[in-house]
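Q: As they're listed, the protein sequences go chains A and B.
Here the first sequence stands for residues 1 to 117, where the numbers follow this note's numbering.
Here the second sequence stands for residues 1001 to 1296, where the numbers follow this note's numbering.
Among the hints, a few may not be true.
Stated by the list, open to error - Each pair of labels, with its calculated beta carbon distance range:
#1 Gly50(A) - His1100(B): 44 to 52 Å
#2 Val31(A) - Ala1176(B): 28 to 36 Å
#3 Ala1256(B) - Gly109(A): 25 to 33 Å
To be verified - Quick partial rundown of chain B residues pointing at chain A, CB under 7 Å, derived from the structure:
#4 Asn1007
#5 Val1010
#6 Pro1044
#7 His1046
#8 Ser1065
#9 Val1068
#10 Ala1162
#11 Leu1163
#12 Ala1230
#13 Phe1231
#14 Leu1232
#15 Ala1245
Unchecked claim - Quick look at which bits of chain B chain A covers, simulated, 3 or more residues with Cβ under 8 Å:
#16 1073–1080
#17 1217–1226
Source of the hints: derived by calculation from the structure; they are not laboratory data.
Note that the structure is predicted; figures quoted are calculated from it, not measured.
Beta carbons: idealized from backbone N, C-alpha and C, even for Gly.
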Amino acid sequence: MTMPETRDDSLGRVVHRTLLGGVILSAALLVCGLSVSLVQGAGADEAASGLGQIVRGAAAGQGVAMVNLGLIVLMLTPASRVAVLAVGWASRGRWRQAGIALAVALLLGISIVLGTG
Amino acid sequence: MDPGLDNVFVLVVAGAGTGVLGALLGTGGGVFLIPILVVGFDVPMHHAVATSIISVIATSSAVASGNVQRGLANMPLGMTLETATTCGAIAGGLTAALLHPTLLEGLFSFVLVPTALLMWRSAGAAPANRIDPHHADVPAAPPSQKSPVPDDPLAGSYYDAALRRDVVYRVRRLWAGMGIAFVAGNLSGLLGIGGGVFKVPALHLVCGMPIKAAAATSNFMIGVTATASAFLYFGRGQVRPVMTAAVVLGVLAGSAAGLSLNNLARGRFIKRLFAVLLLAVALQMFVRALMSGGAS
């Protein structure tokens, strides 16, 4: 006999899918980007210069830009998990946990601003 | 000089090797990855740390997704401790920018010593997939319940397949756990290691969590902790995209392979062999830091 799914089970499932989806999407972008870079032979391993430029470059099929986009997606994956839990706990009335998740999201936001601002 | 496209395949293999080791030995791959990049490929220390931090995000996210699905990771506790780990990681990431690479290498070699000692000790301990039944000191409850102990939102439970029953536990000494989490986050931001080798024993011994839940919750936290400092390195231009992508893909593949080879690591000999190897690496990095410090 299987147990009926609770709302907490469904939240765990959303977190699972968020993390796995982020890893799969970023890995796909990294594989594509590396492959294109190898074909293009663009050897310069330059650091990223800005989100807009990365997105435009990736859309234009530039390998290194696709790699950078994949890395950004990867870095945002755990942050997305924090956002999912904040919303999920708030919608279940678990305000204390939602508040803690918001605090973590705020700290991550500070880090993003410090890093890219 | 960072390795570029010419070395993509070698970097994937190096990443895969550290991924396998990390999964086999129950450590983050960073303790092996950074020495390989710095000593083997002559990558600047800050770039190696940045690469390690991002590969830690990849493996942590992949493993945590499975642990969450199985109900092993205690998400409320993990999120609470993440307030401390992210503060520590931001502080570490900011501090790293101020430190000379040689000093960072020296610090890294020092941290490898307790890591090796803990690895040596863990060789004689019960593996993380066995549960100490003494920790199951409150009645079992379905793992899906929001907290198995009504007055304790941080209490957790999970189904242990080996014991064929639910294991329920309370978390003790949260503030001590927060302090340890801050230090682990700081080490992550400063040196690019996940810090699980310190956090898991601390959550088990200090906070009273069963070792399996401690390992899963530690892993759950590592991704967010690493993200907190990753953006700092990214913004400073220390994330080299091609090198990092190759290593990340290798580490992901290696971790998956390592988990399927996990039985091999049950022998004491392998863990102790790598503990000694880690000490040798620590010595080599210390000597290297000493020599470059003397030369500069």
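Q: Hint by hint, note whether the structure agrees.
A: Hint check results:
| no. | hint | verdict |
| --- | --- | --- |
| 1 | Gly50(A) - His1100(B): 44 to 52 Å | 28 Å, violated |
| 2 | Val31(A) - Ala1176(B): 28 to 36 Å | 43 Å, violated |
| 3 | Ala1256(B) - Gly109(A): 25 to 33 Å | 32 Å, holds |
| 4 | Asn1007 | 10 Å, violated |
| 5 | Val1010 | 13 Å, violated |
| 6 | Pro1044 | 12 Å, violated |
| 7 | His1046 | 12 Å, violated |
| 8 | Ser1065 | 4 Å, holds |
| 9 | Val1068 | 5 Å, holds |
| 10 | Ala1162 | 20 Å, violated |
| 11 | Leu1163 | 18 Å, violated |
| 12 | Ala1230 | 5 Å, holds |
| 13 | Phe1231 | 3 Å, holds |
| 14 | Leu1232 | 4 Å, holds |
| 15 | Ala1245 | 4 Å, holds |
| 16 | 1073–1080 | holds (count 4) |
| 17 | 1217–1226 | holds (count 3) |
Of the numbered hints stated above, those contradicted by the structure are hints 1, 2, 4, 5, 6, 7, 10 and 11, listed in ascending order.
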